[in-house]
Amino acid sequence: DTEVTQTPKHLVMGMTNKKSLKCEQHMGHRAMYWYKQKAKKPPELMFVYSYEKLSINESVPSRFSPECPNSSLLNLHLHALQPEDSALYLCASSQATRAVRQGYTFGSGTRLTVV
Amino acid sequence: QKEVEQDPGPLSVPEGAIVSLNCTYSNSAFQYFMWYRQYSRKGPELLMYTYSSGNKEDGRFTAQVDKSSKYISLFIRDSQPSDSATYLCAMSDDTDKLIFGTGTRLQVFP
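Chain order of the listed sequences is A and B.
Using the working numbering, the first residue of the first sequence is number 1205, and each one after it goes up by one.
Using the working numbering, the first residue of the second sequence is number 19, and each one after it goes up by one.
Treat the hints with care, as some may be off.
As the list claims (entries may be wrong) - Calculated cross-link-like contacts (lysine-lysine; reagent style BS3-like; alpha-carbon spacing at most 30 Å):
| no. | chain 1 | residue 1 | chain 2 | residue 2 |
| --- | --- | --- | --- | --- |
| 1 | B | K85 | A | K1245 |
| 2 | A | K1222 | B | K60 |
| 3 | B | K60 | A | K1226 |
| 4 | A | K1222 | B | K20 |
| 5 | A | K1245 | B | K74 |
| 6 | B | K20 | A | K1244 |
Claimed, not checked - To give an idea of the chain B side of the interface with chain A (calculated C-beta under 7 Å), a few residues:
| no. | residue |
| --- | --- |
| 7 | A47 |
| 8 | Y57 |
| 9 | K60 |
| 10 | P62 |
| 11 | D114 |
| 12 | T120 |
Derived by calculation from the structure, the hints in this document are not laboratory data.
All figures in this text were calculated on a predicted structure; none of them were measured in a lab.
Positions of the beta carbon are idealized from the N, C-alpha and C atoms, including for glycine.
This is chain A alone, in the form it adopts within the complex (with noise of 0.2 Å):
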């Protein structure tokens, strides 16, 4: 299994709802990313997680909440977004947080819009 899978595809939610992204990977990878993407922007860096571990939150809002609960899986909890907000929400993996050598494994991403 060379692939990290996210679900869901498509989340349209509203500014007072509460909602989960979710991401899975089963190759052994040991360090796990949150990126944010609008249109025709690269990703941008939100969280690093290290052998589950936060390492690093790049000063994203607390209605954005990341959680590991094991090493293969990685949640993103989202809490009074603003459309602002609304983006491609992208997953990655890597073996460890060294390997970024050699890049990471995206998923194909949350398409998120929040009304």
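Position chain B relative to chain A; hints supplied.
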């Protein structure tokens, strides 16, 4: 000045052409370089990664790095309509972060 500069395109070429995609960077600490391909509404797909200056070839793709000039390139030979996508360069200074270019949109027409 952005850390990584990449011409957004679009770059439009006929099928069979050789395509050259380029990025420049300002941070001399960058050591590792990658190229990703991203189709519309999909996640980026890793095409190639390289460390040293010089060329690395994989099928129709060649990645070139010139650290002295802080310049990297991706060449695509015999381009196909299926190569139409956005190509993102990415680089790392061996920390946990990849820094991406803005991406170049490529269109290969039959």
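Now for the hints, and whether the structure bears them out:
1. B:K85 <-> A:K1245: holds (25 Å)
2. A:K1222 <-> B:K60: Measuring from Cα to Cα gives roughly 24 Å; hence the hint holds.
3. B:K60 <-> A:K1226: holds (16 Å)
4. A:K1222 <-> B:K20: Status violated; Cα separation ~35 Å.
5. A:K1245 <-> B:K74: Since the Cα atoms of K1245 (chain A) and K74 (chain B) sit roughly 27 Å apart, the hinted pair holds (cutoff 30 Å).
6. B:K20 <-> A:K1244: holds (16 Å)
7. A47: violated (13 Å)
8. Y57: Constraint on Y57 (chain B) not satisfied, violated at 10 Å.
9. K60: With Cβ-Cβ at 5 Å, under 7 Å, it holds.
10. P62: holds (5 Å)
11. D114: This hint holds: D114 (chain B) lies near chain A, its Cβ roughly 4 Å from the closest one there, short of 7 Å.
12. T120: Check passed: Cβ of T120 (chain B) comes within 5 Å of chain A, closer than 7 Å.
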